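Using the hints, put the two standalone chains together into the complex.
So the protein sequences, as listed, match chains A and B.
1 is the number of the first residue of the first sequence in the working numbering; add one for each residue after it.
1 is the number of the first residue of the second sequence in the working numbering; add one for each residue after it.
Keep in mind that the hints were calculated from the coordinates and are not lab data.
Computed from a predicted structure; not experimentally measured.
In this text, a Cβ means the ideal position worked out from N, Cα and C, and glycines have one as well.
Hints may be right or wrong, so weigh each one.
Unchecked claim - Listed next, the in silico EDC-like pairs over lysine to aspartate or glutamate satisfying Cα-Cα at most 20 angstroms (straight line):
#  : chain 1 : residue 1 : chain 2 : residue 2
1  : B       : Lys19     : A       : Glu26
2  : A       : Lys74     : A       : Glu5
3  : B       : Lys20     : A       : Glu26
4  : B       : Lys20     : B       : Asp71
5  : B       : Lys19     : B       : Asp71
6  : A       : Lys24     : A       : Glu5
7  : A       : Lys74     : A       : Asp8
8  : A       : Lys24     : A       : Glu54
9  : B       : Lys19     : A       : Glu27
10 : B       : Lys20     : A       : Glu27
11 : A       : Lys74     : A       : Glu53
12 : A       : Lys24     : A       : Glu12
Stated by the list, open to error - FRET-style restraints, in silico, Cβ to Cβ:
#  : chain 1 : residue 1 : chain 2 : residue 2 : range
13 : B       : Ser58     : A       : Gln32     : 53 to 59 angstroms
14 : A       : Met1      : B       : Gln93     : 50 to 56 angstroms
15 : A       : Leu57     : B       : Arg3      : 27 to 33 angstroms
16 : A       : Leu44     : B       : Gly198    : 42 to 48 angstroms
17 : B       : Gly44     : A       : Cys14     : 17 to 23 angstroms
18 : B       : Leu10     : A       : Pro60     : 24 to 30 angstroms
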Amino acid sequence: MNSDEWIDITAEHCPMTFVRVKLKLEEMASGQTLSVRLNPGEPLANVPRSLQEENYLVSPPQASGNSFIIYVTKP
Amino acid sequence: MHRYSRQIILPQIGGVGQKKLQTSHLCLVGAGAVGYPFFLYGSGSGIQQWTLLEPDPSLAERLVKEARRRDPSITVTVLPFAHLADTLNSGLQTGQWSAVVEASNDFAIHHKVVTLCHRQPTPLHTAWLSAGIGWLACSPCPCSLPPPSTSPHRASPFEAMGMGLIGTQLAQQVILTILGNNPTEKKAPWQGFQLESGTFSTQQANCGPECPTCRDGSTP
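The shape of chain B in the complex, shown without the other chains (with noise of 0.2 angstroms):
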């Protein structure tokens, strides 16, 4: 408890947010440049169930043993990337995680996960950054996003500084999603970036009446 005191203090948290926290079970896909620090953030909150999907063995490796290191009690289960659609569709279905987290350099992967996870009681939430500009996003659907054969394939490794500050923004969504009480969850899905200001802002979604997952009215 004495880990946590300076979160239960906090009227936003207390006692029954640091539980929920605790209990959560995360799955994580990418442990990179935005997926590391992203892990950082939230295991150091409490979250103590991870699930990870990471194609590269030496980066899962890298979180696994900071997790050792940071809490014994933090479990990290790593599944093979390569079955990637079925282990998330079956995690999916049996809603066994509060949240998937998408922190994938590969745009492909990104669009891929985007579309797995659409219109799932199960929420995403999603990082992209690219050519200076990024975005975060809850839920979106994946006719916002530009197809992926028109989109730079991968992040370059300068970028890597404003990947670490959308991964410790990306920990303040998911956490403030666990907690319910993320107010930007479904009502302002992108947070456009911009790297050269360090600043973020609220985006509308690339989505409309024709859009043919969302032309019934809802959010996407």
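One chain only, chain A, in its complex shape (with noise of 0.2 angstroms):
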């Protein structure tokens, strides 16, 4: 899948990991789509979650070495 920006998030903690998504994203236009890296564990069970809950379209998580990937698209 392709994005338009991306951001690594893995050496964030809660609640950095969400703040970090989510100012990237606020910059980004509608339709536009960002790649999250993201560790296993928190950040994985919570910000695809935070972010659904504010609209966000969020990919199911594609594994990648020790961390995972996730395509967020802006409504």
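Here's what the structure looks like:
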């Protein structure tokens, strides 16, 4: 899947994981897609859920080495 | 960014709203029992630029010290209170403030600020509490107020707890105004407060078609 922007939040901890993604998405236009690299565990459980609660379209996570990638489309 | 991360998460604020808060500039009149808690919550939300008008130098100094202790990026400019009218007029003309916040415990000052700010594009948020009842108001019309001569001149010290509560409510209202999301602004300009029950209720402004400044039908 292609993305317009990407962000790596594997070095972040809650709540900055979601904050970094949210700030990045706020800079993007409607319809654009953001690729997010995140760690398993709390980030993988919470970040997609929080994004869905704010009506972002979130793809199922794909494993990539020790981390995961999700694609988030801004509505 | 860490300091405000919990706010940025909130859909009502986000990164855009946080930027609005951090670039806003407030003029605060009064740094006492209402103004001080207002400042704590306002600066805690990220508002960094403040102009202060306070007649008591020790209260002004206390607020400036608290600002320095909290965050060195907060700037508080203390202006001489003796020139209240000139300072307010000059600031209102240049449009340098996001809002004026009146938190004085002196009804004459309250009345003066409401009169000076009436019909100005800069919103005024004001509060008053005396004898157990009080109000919060957004840009009220001066004719809604009782004349200073018939009103209790100063609130009593035992009402400090209620004033703290009013100060925090005032901060909430001002933050909503800065974010452009204050439903009470213009529509329901008065929030009445009962100290005994600690409750707020929406009040109708005592301002009708006979009002010399509001008779064009606009909401005061």
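Quick rundown of the hints versus the structure:
no., hint, in the structure
1, B/Lys19 / A/Glu26, "12 angstroms, holds"
2, A/Lys74 / A/Glu5, "11 angstroms, holds"
3, B/Lys20 / A/Glu26, "14 angstroms, holds"
4, B/Lys20 / B/Asp71, "18 angstroms, holds"
5, B/Lys19 / B/Asp71, "16 angstroms, holds"
6, A/Lys24 / A/Glu5, "9 angstroms, holds"
7, A/Lys74 / A/Asp8, "18 angstroms, holds"
8, A/Lys24 / A/Glu54, "14 angstroms, holds"
9, B/Lys19 / A/Glu27, "13 angstroms, holds"
10, B/Lys20 / A/Glu27, "15 angstroms, holds"
11, A/Lys74 / A/Glu53, "13 angstroms, holds"
12, A/Lys24 / A/Glu12, "14 angstroms, holds"
13, B/Ser58 / A/Gln32: 53 to 59 angstroms, "54 angstroms, holds"
14, A/Met1 / B/Gln93: 50 to 56 angstroms, "55 angstroms, holds"
15, A/Leu57 / B/Arg3: 27 to 33 angstroms, "31 angstroms, holds"
16, A/Leu44 / B/Gly198: 42 to 48 angstroms, "44 angstroms, holds"
17, B/Gly44 / A/Cys14: 17 to 23 angstroms, "21 angstroms, holds"
18, B/Leu10 / A/Pro60: 24 to 30 angstroms, "27 angstroms, holds"
Checked against the numbered hints given earlier, the structure satisfies every one of them.
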